[in-house]
Amino acid sequence: MATQTQGSGGAVSAVLMAGLAGLVVSLGIAFFNLLSGGHSAFNTGSDGVSWGLPVVNYVFFALTSTGLTLVASVAMTFGNKAWYPIAKRCVWLSLVTLVAGFASLALELGHPFRMLWAIPLNAQLVSPLNWMGIFYAVFLVLGILKFLRIHNGDWNSSTSKQIGLAALVTELLAGGMLGMAFGAMAMRPMWYGNLVPLYFILTAACTGAAFAVLVTCLSYDSEETMPAQVRTLMRGPLPTAFAGLLGITILVIGYRTVIGLWSNADGLQVWDAIVASPWYWIEAALLIGAFFLLLQRKALALASVMVIGGFFIDRYDFVIGGQLAPLFKGSWVPDLIAYTPSTTEWMLTLLAFSIAFLGWALGEKLLKLDAAPQD
Amino acid sequence: MAKWGMVIDLEKCTGCQACSTACQMENNRLPGENYQDVLYYTEGRQPTPTLKWFPRPCMHCEEPSCMHVCPTKATYKTEDGVVLIDWDKCIGCKYCMIACPYGVRFYTDEKPLIEPNIKQVFKGDGDLSWNPPYKGPQQDPKHGVGIQPNGVVSKCNFCYHKISKAPKGTPDLDESNPELVEYVPACVRTCAPKARYFGDLDNPNSQVSRLISDKQGTRLLDHTGNKPQVYYVSGGGAASGAVPGTRSNKKA
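In order, the protein sequence lines correspond to chains Z and Y. Under the working numbering, the first residue of the first sequence carries the number 1, and numbering increases by one thereafter. Under the working numbering, the first residue of the second sequence carries the number 1, and numbering increases by one thereafter.
Just to be clear, a hint being listed does not mean it is correct.
Residues from chain Z that keep clear of chain Y, each with C-beta distances beyond 12 Å, as calculated [stated by the list, open to error]: (1) 152; (2) 172; (3) 182; (4) 221; (5) 223; (6) 298; (7) 299.
Cβ-to-Cβ under 7 Å is the rule here; a few derived chain Z residues that face chain Y [said to hold, decoys possible]: (8) 36; (9) 40; (10) 45.
What the hints contain is simulated information worked out from the structure, not anything from laboratory work. In this text the structure is predicted, and so the values were computed from the model without any measurement. Heads up, the beta-carbon is just placed ideally off N, CA and C, and yes, glycines get one too.
Can you make the complete structure from the sequences, with help from the hints?
This is the structure:
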């Protein structure tokens, strides 16, 4: 095992402190509001949006975890050695982002602890949600095992590779099942479609790559202080692959939008509202701007932040947008339901980001995330 | 074993909401969380708009998507065709509320529809969401009957505490029959114009089966494949009600 030379770690320390502060603030406010008012602290409702911002957080971070596993697999499963310098970092980050997503979801569920026994004892085999939970739980175990292996220097043994491959497969199945949880809903045309799992995995790869690039940039003071292998990767293969993925995804988002606007199917009128919102165009500007930055291999950290921001808006539009056309509710319900997340819901977003970045910074400080195999 | 179902005659329904009120009392519902609702639609434009209404309980589907998505099997279908929720298994993930095409499921831990918050005025004991001044005698969480606990989803249960006690082999639960009246769902029993019928859909001689056959009963959103066990019949005239084809009455 070789450990690369890191910078002074100023950025890591700053992220660690910011993550800690975010964790304390978000947990404090969220718990106070939830303990005093229950889920009425959310702006969700039976007559409107049942799955609010906490579910958006979950989808965003769970899919980011899938994407990070995909990025890690380029070296560890598919044998492209140039990607080894970021592999361990990605494995660790795939675990902490999944924990971040689970944390937001757990605070959204009515009975999170009941889930621990009720799902295993009464598993509904035809429920996508059930399989998604199983696959993400299995990945969590496999991901921890894989991380322990590489942390102890076992990168290439047959067992280590098999665990890595199994982790990759379970992550792809989990992300796909999360897509199916939405895509199977024929009664909600905004979500419905047999390609939604593919869309989720594609966009997962983008957010995974964004987090991988961002934390790699943050791990070193500047490109000059990066070890040669990391610098080579960050100047060539990584931004190129990232730009390619992002370009395809931008096209897919564009086609989804046009199809949504073109179709007259009841329920798809929500696309008019989505496109009329400035947030849609902010998303477009962020993703297209990041695409050109990546093509020019400039300002990679900024490009990554833009992609993370753009896809958070995309997840929001997807999860919330699918619920805005009211079901059979009568004339007193507006044509499209108005929903604005509450302070408590935003605190769960802050909580999830804080867990992800605090977890990464702790890993960077304590777990030698820059390690890579010697050969 | 019966397959319980309901027929609603839209030609007879006056939109009086007695069904909703009876259901609220019978099932300890909070304002805005009616298992049984009457939806109102304004159709047409000035100067000749018309007011339409549409009574809508849970459809107790033959292929309930809410049941299929429930990760803990908390939502289940009984042998006599009723879709129920086991509140002791529900984790409050709300996937069933997402998957129900009819919008007939309720999560009670939400901002109140009206002030003062009834749940604060009549605070619930233990896990129960509230403590209504009038309570039905039944609290059966395994069948989703009684006062809704916090953190779970609820829905119309066809007054399972009543219909499950009906004599076996009964083709129709007719409120005009003194021997059966106590087994009749509250919304059916209270319907003044007798627009609601409740009986065994598998019995070709039941009144509900004959009505569906004779008056060409239709089901709401049949294209979803959920196959509701609630049927609507109508005379088809301009003045009579019709099953809405879309979820909202107008496009954005």
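Taking the hints in turn, this is what the structure says about them:
Every CB of chain Y lies more than 12 Å from the CB of residue 152/Z, the least distance being 36 Å, so the non-interface label holds. Every Cβ of chain Y is farther than 12 Å from the Cβ of residue 172/Z; the closest lies at roughly 20 Å, confirming the non-interface assignment. For residue 182/Z, the condition that its CB be more than 12 Å from all CB atoms of chain Y is violated, with the nearest at approximately 9 Å. No Cβ of chain Y comes within 12 Å of the Cβ of residue 221/Z; the nearest lies about 44 Å off, and the non-interface call holds.
With a closest Cβ-Cβ approach of about 45 Å to chain Y, residue 223/Z is found to remain outside the 12 Å limit, as its non-interface label requires. Look at residue 298/Z: its CB is around 41 Å from the nearest CB on chain Y, clear of 12 Å, so calling it non-interface holds up. The beta carbon of residue 299/Z sits about 39 Å from the closest Cβ of chain Y, which is more than 12 Å, so the claim that it is off the interface holds. Nearest Cβ of chain Y to the Cβ of residue 36/Z: about 12 Å, over the 7 Å cut. The hint is violated.
Annotation: interface hint on residue 40/Z holds; nearest CB of chain Y at approximately 5 Å, less than 7 Å. Because the beta carbon of residue 45/Z sits about 5 Å from the nearest beta carbon in chain Y, less than 7 Å, this interface hint is met.
The structure is inconsistent with the numbered hints 3 and 8, although it conforms to all the rest.
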